[in-house]
Each structure stands twice: as structure tokens, then as C-alpha cells.
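Q: Turn these sequences into a full structure, and let the hints guide you.
Just so you know, the sequences run in chain order A and B.
Just so it is clear: in the first sequence, position 39 is 39 by our numbering, and no numbers are missing.
Just so it is clear: in the second sequence, position 81 is 81 by our numbering, and no numbers are missing.
It is worth saying that the hints were derived from the structure and are not from the lab.
Hints may contain errors.
Note that the list lumps identical chains together, so a pair holds whenever it fits in one copy or between two copies.
[To be verified] Taking lysine-lysine pairs in the DSS-like style, the calculated list, with each CA pair at most 30 Å apart, reads:
(1) Lys128 / Lys32
(2) Lys305 / Lys16
(3) Lys125 / Lys32
(4) Lys129 / Lys20
(5) Lys160 / Lys124
(6) Lys160 / Lys122
(7) Lys129 / Lys11
(8) Lys128 / Lys11
(9) Lys375 / Lys160
Protein chains: 2
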Amino acid sequence: MQNFVLYNPTKIIFGKDTAKEIGPETAALGRKILLVYGKSSCKANGIHGQVLPSLTAAGLEIIEHGGVVSNPLLSHVRAGIGLARQHAVQAIVAVGGGSVIDSAKAIAAGTLVDHDVWQFFKAKKSIKKTLPLACVLTLAAAGSEMNGGMVLTNEETRQKFGVGNRLLCPRVSILDPTLTFTVPPDYTAYGAVDAIAHILEFYFTTRDPATPVQDRFMEGLVINIMASCDRVLRDPADYQGRADLMWSATLALNGWTAAGLGMVGFPMHMIEHSLSALYNIAHGAGLSIVMPAWMRHQARLRPGKFSQFGQRVFNLTGSDERCAMAGINRLEEWFVSVNSPTTLSQVGIAAADIPVIAENALALARIWRLNEYGKEVIMEILTACR
Amino acid sequence: MQNFVLYNPTKIIFGKDTAKEIGPETAALGRKILLVYGKSSCKANGIHGQVLPSLTAAGLEIIEHGGVVSNPLLSHVRAGIGLARQHAVQAIVAVGGGSVIDSAKAIAAGTLVDHDVWQFFKAKKSIKKTLPLACVLTLAAAGSEMNGGMVLTNEETRQKFGVGNRLLCPRVSILDPTLTFTVPPDYTAYGAVDAIAHILEFYFTTRDPATPVQDRFMEGLVINIMASCDRVLRDPADYQGRADLMWSATLALNGWTAAGLGMVGFPMHMIEHSLSALYNIAHGAGLSIVMPAWMRHQARLRPGKFSQFGQRVFNLTGSDERCAMAGINRLEEWFVSVNSPTTLSQVGIAAADIPVIAENALALARIWRLNEYGKEVIMEILTACR
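A: Here's what the structure looks like:
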């Protein structure tokens with residue numbers, strides 16, 4: 001186990017009918033708030049159900065800032081910062097999934113500084129203070145509700161950059177699984193894939209060969225994410241399944257699994273970002289394409305951990321090589337079973353495009369200091385995704 | 001999964017040579033501190049190694065309050081509160097295991113109120129504020145370093161009571177596994193038994209039949225506690241083993257495993273408290289006596305969860321009844337293998353004493369509202385401990 005510092009001060013309120021607690025929770029943070037939300041799903045269930053009545057009943061002054069899109073945009077964040085300043089809001093409330101919460105984090109950090117918020121993403125400025133943020137989560141996927149990370153796309157420069165800072169941790173996040181009952185099957189599956197990817201990036205990229213406490217935790221989460229996703233695809237209103245999926249997705253990226261792993265990388269996300277940047281495909285869909293190919297590539301280099309994955313997650317037995325490869329096959333078969341794509345051709349990306357995708361990914365590999373990923377390696381992995 | 005609120009603001013600094021960070025961490029909390037510690041082990045490795053030099057180098061004014069004993073005493077806490085008031089200390093630093101940290105928590109809460117600190121334990125007063133607390137952990141066992149619980153013994157009334165309050169969470173806890181290299185084999189094993197008991201109390205007493213995310217997490221911890229304890233009993237300076245054991249013991253009782261389980265009880269601790277209250281035996285030693293008997297008693301009532309335990313922790317196969325009973329046997333065999341006692345007679349307690357022990361336990365069962373534990377049930381369990 002590697003040395004680590006763990007500090008996660010987000011208060012989690014989890015469970016049925018908890019969305020209505022957003023009013024009193026927010027009132028403790030400020031009286032004038034900016035309410036950030038997305039397009040369809042929030043309007044449908046998140047805001048007009050329990051959230052807005054609760055905020056209103058708490059006597060809060062609400063400035064609305066809707067319209068966040070997936071792969072959230074810098075321009076929309078800048079507009080939100082303008083609104084927040086104009087009305088001198090004291091707190092931000094985000095109602096939505098990772099895109100909404102990330103936008104709200106950027107507004108919370110950008111409102112209090114004189115410079116443009118993108119300076120944080122370019123690492124030209126560091127975050128020193130933020131407006132307090134309260135979240136109501138409506139999608140089990142990104143994990144942003146309980147961590148200090150945010151990702152934003154600058155549509156002018158075509159850059160999709162991320163920032164991590166403890167001050168970006170929400171003060172409180174309300175996780176009400178009933179708000180995810182209406183998430184359609186495809187986005188339910190993509191969310192599950194995203195959460196599994198967060199776990200496996202850590203699991204397979206740690207260079208520490210002995211992290212048994214963290215390994216068992218991560219293996220258990222992968223098992224439960226697959227099982228709970230299966231349940232809710234059969235019955236979208238299966239509360240138990242929605243609850244297990246929602247909590248597992250939060251745990252996948254709240255720092256608990258990573259504590260003690262030392263340096264980890266995000267190579268699968270690195271390659272996927274180029275897919276969702278260049279083509280209009282969902283992040284989870286891109287990940288289920290990239291993951292099996294990346295895993296097969298890596299399993300040849302270090303079969304031991306992949307064998308452990310196959311043994312413990314899929315109860316496989318036999319040689320390390322067999323368990324490693326069969327484990328990856330089983331995960332890929334699960335992606336197929338939940339209708340998440342596993343080949344580039346399924347989402348209409350031609351083999352001829354691979355060099356361009358690889359070039360784009362290479363730029364990110366350099367920024368993320370994934371030095372072992374040269375263009376040839378990325379090309380090899382992408383070619384295996386056809 | 002049941003609704004829950006999770007909020008744990010303790011900052012954890014984990015790893016090799018981290019004890020020296022106590023100075024700067026404490027300086028951020030206050031300049032004048034009360035340093036609380038125990039008898040032997042702290043003097044040997046905790047304080048005079050890295051802790052005291054670090055506190056001194058940070059320019060702190062230190063008031064020493066050593067001499068905490070296992071099953072920490074109210075009188076010693078009262079003396080600490082007197083010192084803290086006399087010197088107007090601004091923060092408390094605890095260097096030790098659960099007894100030291102619990103004493104420090106009680107001093108942190110008791111210094112700021114006009115009434116006697118025992119009022120908190122009698123639930124006559126509630127904790128509204130505390131002095132900030134920083135800990136350096138020297139024993140993997142109790143979990144107090146990352147939770148808001150404390151247990152204290154009132155030697156006048158012969159009561160051993162506990163209190164839970166979020167304000168009792170340490171601001172920062174430093175977990176340096178090298179500080180546990182000198183823990184002798186018996187207390188290493190008792191600490192591991194205590195941590196396993198914390199996990200299994202939750203695991204077996206939740207009334208929610210569907211907590212799969214929490215179950216996998218808890219099963220993984222039990223597996224790792226046994227494995228890491230085995231390692232360090234073979235080689236006390238096995239860093240990896242000490243690190244796994246230390247982090248697992250913290251995770252066993254920091255609220256992460258319990259989130260979503262709903263109401264849980266501490267029946268094994270309830271019975272054990274009477275053993276360590278009436279006889280001078282270590283808490284972990286008492287637990288390894290009580291646990292197998294309690295588990296066999298409960299497994300007859302609800303074999304399903306016990307079967308799952310046997311299957312997943314010990315890879316057993318077969319009928320539910322077989323897996324349940326064989327799993328308990330395997331755990332008991334492990335207790336034997338680490339020289340933790342499994343019968344009352346091993347620690348010199350005669351069968352004739354059982355009615356008196358049961359009477360004492362019954363009083364606690366009533367306080368803890370463990371209503372299904374009448375005297376007959378407790379007698380039956382204790383009789384199986386012979």
C-alpha cells in the first residue's frame with residue numbers, strides 16, 4: 001500500500017424521498033442561490049417533483065440556469081458565472097448528472113475570481129475558494145457528486161480538460177434512487193459502464209503489486225454494478241437495483257477505492273475522450289468500445305492482475321492467461337448484453353478514421369503524462385476496437 | 001438498502017514516516033495543546049520517536065497528560081479536563097490506540113461545558129462543540145481514529161457507556177503502520193479480532209436482506225484482516241501486512257460499511273463487555289470467546305447470511321446449513337491459530353460464573369435496547385462458550 005491522504009467532507013443524504021431535503025440543506029449554505037440543471041430529465045423528475053417545492057418552501061431566492069448539455073460547455077459555465085455575479089448568489093444548487101454537477105462546480109469556482117474560469121483548467125491559476133455547492137443527483141454514472149473533480153469542454157479551442165481540487169467537493173449531495181427510475185435503458189447501461197471504467201482504471205493502472213484491501217473493494221463494486229444494472233434493465237423501477245447502482249457509482253470515484261494505490265492513470269478515458277470529442281457518442285458507449293481492447297493489450301503485459309479479476313469477479317479457474325482473457329471476454333459479453341457497443345463499426349466509425357482518432361488521443365496522452373502511450377500503441381488498441 | 005446520512009470529515013494521513021506530520025497538522029488547530037497518551041507503547045515508539053520532536057518543532061506549547069489505561073477511566077478524563085481548562089488549551093493531540101483516543105475525545109467535549117463530562121454518557125446532555133482533536137494511531141483495532149464514537153468506564157458506578165456524535169470525529173488522524181511494528185503478538189491478534197467483530201456485528205445484525213454492496217465490502221475486509229494478521233504474526237515488521245491490517249481496522253468502524261444497513265446492533269460486544277468488566281481480560285480476547293457461540297446461535301435463526309459468509313469468506317460450498325456452520329468453525333479455527341482464546345475456561349472463567357455474567361450483560365442489553373436478548377438467551381450463548 002502506498003502512502004495517501006484522504007479527506008472527503010461531502011455529506012451524503014441517500015435514499016427514498018430524500019430529494020425534498022434539498023431546501024433546508026441549501027438554506028444552511030445561503031439564501032440566494034443559482035439553480036443549475038440540464039435539459040430533459042431534470043425538468044421531468046428532478047426539479048418539478050420535490051426539488052423546486054423544497055427550495056421554495058425553504059424561502060430561498062432562486063436564479064435559474066438550465067440548459068447544461070452532456071460534455072458540458074465552457075460558454076454555458078461563463079454565462080452561469082455572469083448570472084451568479086449579477087445576482088450575488090451565495091450558493092449553487094445542481095440538479096442532474098455529472099455534466100450538470102461539473103458545470104456547477106466550475107461556476108462555484110469561477111464566480112469568486114477576477115480571471116476567466118478556463119485559467120483553472122489550463123492550470124494557470126489554482127482554486128483558492130468556491131461558493132458552497134449542494135447537489136441532487138439524477139444519474140448513476142460520473143461520481144462527481146462526491147469528489148473534487150470536474151471536466152469541461154472549451155468549444156472554441158476544442159479542448160476537454162479536467163481539474164481536481166478538494167474545494168470542489170460538494171458540501172452536500174442528495175442521492176435519491178427514485179429520481180433515476182426514468183433514466184432510459186441506454187443511459188442506464190452507459191452510466192454503469194462509466195462507473196466500471198472508473199474502478200478498472202484504478203484497479204489495473206496502479207503500479208503497487210500489493211493492494212489487497214482496495215482490490216476486494218473494487219472487485220465487489222464491479223460485481224454489484226453489473227448485477228444491479230441487470231436488475232434495473234429488467235425493471236426500471238426496481239428500487240433496490242437503482243439504489244445499489246447509484247451508491248456503487250458514487251463509490252467508484254469518491255477516493256475510497258484509490259486511497260493507497262499510489263499513482264494511477266486514466267488510459268481508457270484518454271482514448272475514449274477522442275471518440276466522444278470527434279463523434280457524437282455517449283461517454284459510456286465509447287468506454288465499452290475501448291475497454292476490452294485496452295484490457296487485452298495490457299493483459300499481455302501483466303497477466304497476474306487480469307487473472308485475479310477473472311477469478312474473483314467471474315469465478316473463473318485455470319491458468320493466469322486463461323483467467324485473464326476469459327475475464328475480459330466475460331466483461332465484453334456483459335457490455336453486449338446491456339446493449340452498450342463494443343466495436344467502432346457499431347457506432348459508425350470507419351477503420352480509416354483510426355489514425356485521426358489516435359492523433360487526437362496522443363495529444364491527451366501527453367497532457368495526462370501517459371508516456372507509455374505512443375501513437376503506435378494507441379493505433380494498436382483502436383485497431384482492436386473495430 | 002436503507003436510507004442513510006454519511007458525513008465523515010476526518011482527514012486521514014496514512015503511511016510510512018507520516019507521524020512526523022503531526023506538528024504542522026496540529027499547529028493549524030491551535031498553539032497550546034494537551035497531549036494525551038497511554039502507558040508503555042506510546043512512550044516506546046509513538047511519542048519519543050517522531051511525534052514529540054514534530055510537535056516541538058512546530059512551536060507548540062505542550063501540556064502532557066499520560067497514563068491512559070485500557071478500558072479508559074472517567075477519573076483520568078476528568079483530570080485531563082482540569083488540565084485543559086487550567087492551561088486554556090486550544091487543541092487535543094492523542095497518541096495511542098482506541099483507549100487513548102476515546103479519552104481524548106471525552107476531554108475535547110468535556111472541557112467546553114460547565115457540567116460534568118459523564119452527563120454526555122448518561123445522555124443527560126448532548127455535545128454541541130468540542131476542542132479540535134488530532135490523533136496519531138499506534139494500534140490497529142478500535143477504529144476510533146475515524147469515527148465519532150467513544151467509550152468510557154465510570155469506576156465509581158461501574159458503568160461502561162458509549163456516546164456517538166459527529167463532533168467527536170478527529171479533525172485529522174495519522175496512521176503510520178510502522179508505529180505498530182512493536183505491538184506484541186497477543187494484542188495484534190486481539191486488535192484483528194476486534195476489527196472483525198465490528199464488521200460482523202453490522203453484517204449479521206442488519207435486518208435488511210438486500211445489502212449486496214456493503215456485504216462484498218465487509219467480506220473483503222474480513223478476508224484481508226485475517227490474511228494481514230497472519231503475515232504480521234510471522235513477521236512483526238512486515239510493512240505491507242501492518243498497513244493492510246491498520247487500514248482495514250479503520251474501515252471496519254468508520255461508517256462506510258454501515259451506510260445503508262439501517263439499524264444494527266452490537267450483541268457480541270454487549271456480552272463481551274460483561275466479560276472485560278467483571279474479569280481482567282482484553283476486549284479482543286473476550287470477543288473471540290463470544291463470537292463463535294453467538295454466531296452459532298444466530299445461524300440457526302437465519303442461516304442464509306451465515307451461509308453467504310462461509311461461501312464468500314472461506315470459499316465453502318454445499319448446503320446453506322453446511323456453509324453456515326463450517327464458516328463459523330473456520331473463523332473459530334482462525335482465532336485458535338492466532339492464539340486468541342475461544343472458551344471461557346481458557347481465561348479462567350468458571351461455568352458457575354455464567355449466571356452472574358449473564359445478569360450483567362442483561363443490564364447492558366436493556367440499555368442498548370437489544371430486546372431479543374433475555375437472560376435465557378444470553379445464558380445459552382455463554383454456556384456454549386465454555
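Q: None of the hints should be skipped; say for each whether it holds.
A: Each hint, compared with the structure:
1. Lys128 / Lys32: Classified as both: same-chain Cα gap 22 Å, cross-chain 28 Å, threshold 30 Å.
2. Lys305 / Lys16: Close across copies (25 Å), not inside one copy (38 Å); limit 30 Å.
3. Lys125 / Lys32: Intra 27 Å, inter 35 Å, cutoff 30 Å: intra-copy only.
4. Lys129 / Lys20: Classified as both: same-chain Cα gap 28 Å, cross-chain 28 Å, threshold 30 Å.
5. Lys160 / Lys124: Within one copy, since 16 Å is at most 30 Å while 56 Å is not.
6. Lys160 / Lys122: Within one copy, since 10 Å is at most 30 Å while 56 Å is not.
7. Lys129 / Lys11: both (18 Å within a copy, 19 Å between copies)
8. Lys128 / Lys11: Classified as both: same-chain Cα gap 21 Å, cross-chain 19 Å, threshold 30 Å.
9. Lys375 / Lys160: Classified as within; 19 Å inside a copy, 65 Å across copies.
Checked against the numbered hints listed earlier, the structure breaks none of them; every hint is satisfied.
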